[in-house]
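Chain by chain, the residues:
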Amino acid sequence: MTKDHALTERHRTAYLFLLPSLILLTLVAAWPLLRTIWLAFTDATLSNPDINWVGLENFKGVLSDPDWWHSVRNTLTFTFISVGLETLLGLGIALLLHREFFGRGILRAAVMVPWAIPTVVSAKMWSWMFNDNYGVINNILQKLGVIDGPLAWMADNPALSMAAVVIVDVWKTTPFMTLLILAGIQSIPLQVYQSAAVDGASGFRTFWKITLPLIKPALVVAVVFRCLDALRIFDLIFIMTNNSNDTATMSVYARNNMIAFGDLGYGSAASTLVFAFIAIFTVIYVQFSRLNLVGGSSEKVSL
Amino acid sequence: MLWLFVIVVSAFSLFPFYWAIVSSLKDPSTMFQVEYWPSALEWSNYSSIFKEQPFGKNIWNSILVATSTVLLCLFVGVLAAYSLARVEFRGRGLLLALILAVSMFPQVAVLSGMFELVKSMGLYNSWGGLTLSYMIFTLPFTIWLLTTFMRQLPRELEQAAIVDGASSWTVLYRVFLPLMGPSLVTTGLLSFIAAWNEFLFALTFTLTADARTVPVAIGLISGASSFESPWGRIMAASVIVTVPLVVLVLIFQKSIVSGLTAGAVKE
Amino acid sequence: MSEVVFENVTKIYSGKTTIIPKINLRLPANELTVFVGPSGCGKSTLLKLIAGLEETTDGKITIGGRDVTYAPPAKRGIAMVFQSYALYPHMTVFENMAFALQIAKSSKEEIRNRVSEVARILQLGPLLDRKPRQLSGGQRQRVAIGRALVRNPDVFLLDEPLSNLDAALRVDMRIEIAKIRQSLNATMVYVTHDQVEAMTLADNIVVLRAGVVEQMGPPLEIYHKPVNKFVAGFLGSPSMNFIEAKIESVQGDIVQIGGEGFAKTLAAKVKPGAFKSGDRALLGIRPEHLSIESDGELQFVTSLQEQLGDHALIYGSVGASKCTIKTSPTRAFKAGESLSLKVQADEVHVFDASEKNVVVFEAR
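Protein chains in written order, with my numbering: chain A, 1 to 303; chain B, 1 to 267; chain C, 1 to 364.
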């Protein structure tokens, strides 16, 4: 048995074990991504197999289309408002769930239900609730005297449509936020709170000076994950606002051009821009947080 | 005060689901009256979605796609996770970063490439195409989670097995896998839910009503005219696909939470 | 006859952290060698190099004359008991012990015979169907030993096997290991940071520091003839006193040691040329080799006293150096009392500027 043999034995197995995953990921991630980027420089359409290189034409087209910039604005508005609300609500509910009280388990289960429901289904459920003539929301608001007549949530008024979409997203993903933040809160040792109490810190002060700084890492991760999700939002908007330009996001814009209008090249250019957008966001995040990729203590050398 | 908050949060969380159930139990004549309590139990919406469209087939497609996704993912992911968690090799950190990066891909960014891939492999309009394409979002987090879980297994356990003469394969399937039951359940469950709920690929890579999965079927239910959505049927279908998920979530609450947080908080 | 030999063995982690610089070591066949040293000294690494769980960077390791440097662990004729026991939690005691034999494709009958024989020796018979979580700490420890014995190893490796047990159980298991050691015809290598285990179990002790062998020898030799200050301070509890001193005069190889806290000078025979008059030196003397007697060599100032029933420890100082005395039970002293200490002449150690022990032991 030579040194090289012993060296590679375990490594060879490791590469062998990695191979299926790498092949699959190359097939379904790397290749389609590169292909999409390549298509973005062509005049490919769904129906026409003849593909010609058109250089930056598609990108010029997308970037000079007011509808694209509208979708960018929509995406950012949606991301900013919904992630903001989810963070605040998630923090509140997590603090609540952290306390011991009767029925905590039930509440925890209740907030998880929206998370598990398929987005399409939640979109449909809420569309029905937001229905202008027969929807329960208008009915409740009228009974409470908040509004005089029924609101047309899904038509005409872009702000109302956006509000509706944001409400559904908040409803659906606040549980995710809550769980991540709760995990962060629960990892704070009880002694820290006890010593704060001994030091005479008020509840508010304890939260501000102890809880918040200590859960910041968990909070940041949760917010980033949610932002990445919100920036690529598709199905909720696609179903709820029925392709209306008023609420179309970048993903909706890209898919519509690609599939509905059959303009594969142009749609791919928009897709590529979405990818670049999210990639830049991710890179910035990774730069600012030191993600521990190789893993903690197991790497320590034991003597 | 606390109780008020609990009630408001619970009501906000559960009301839409409740409302879908109530609406699904109405007949077309009372459908358009707002009633907070069902006046009669009318099951016609439930029977009609199976009659007027291949909803049974859609459910079967969803089960097939989600189950095959989970099985493929776990099998492939466990192997990769062993290498990533247990073997030190050059480029391991980079590889993990790349895998994590894939999970952040916007689906739309691979849509046209994936569309061609699925078509060229003859998998367009079939569940196989969906299973394959779902790997892009289920495989990265499966690998990521299983790697995290596998790192937590004691190092000495593996060393003991190696001294006992076990190969990497034996260590994996005779020592590690029996200990990873809960982790596999958690990971599998998350993949299942992700695959069960997916919409964009399923919408784009299927053509006929027979090949659709449940979310697409529900998304595309329409009435005689575009102004009259058959809300009763839509709600009935929604309830049917949601109930199993709600049951799963209630049973596996703990492991789902551990999976979601292990992926994110465990830095 | 499985002697374990390290020839110029080097271990470097990830190309930069040197754990073992270059070691040459011969562990006698059928004897029990204990590796001791502070954490980080490389003792566990050496064990894992023998086991093949760590890869040797350079050099050669042989077991019974066979080069095993790059052999896989299972092919080295070794068995190992881990600090955490590392029992397979999902397997019964029987399955744990049979695992290696199953992998080696032994026949069912052979496995049953071998496991029950070892189970009989270790009194594990009634536990064979239990899972590890149903066992007490001591029982788990015995299963871990049993799992290793089943493999009939040439070399038996133990990595801090008792450190997870509570104090009382540790004594029991120590005695049990000593018994197994007598009945076992194998070379044993034992890693510990516990000097009582080292002193009681070892045929040979290897004292390590930063991957370097400081001294190797039988326990009493290490105790009585430490080669340097590190070894002298490492073994023995409470540890040896080191008193700052000065060489007052040199006559041949006899030096007179004095200094602050000395009532009179102390004579010692050292290696020729070790000191010249006026050099600084370090006097080493164990707490049990000091006695409170009038007209002693050292002037001791008390600060604290611990009564332990069968003996007493008195802490204080000689000059600027801290000093501890171990005596038979005695009257209570007040803090700050001044006592005269007599030094047992044949237990004196003298360390030079490089901390080497320069006392001539042959004179004793």
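Derived by calculation from the structure, the hints in this document are not laboratory data.
All C-beta atoms in this analysis are idealised placements derived from N, C-alpha and C, irrespective of residue type, glycine included.
Accuracy of the hints is not assured; some may be wrong.
Stated by the list, open to error - Output of the computed footprint for chain B on chain A, the stretches with three or more beta carbons under 8 Å from beta carbons of chain B: (1) 55-67; (2) 95-105; (3) 109-118.
We went through each hint and held it up to the structure:
no. : hint    : result
1   : 55-67   : violated (count 0)
2   : 95-105  : holds (count 4)
3   : 109-118 : holds (count 10)
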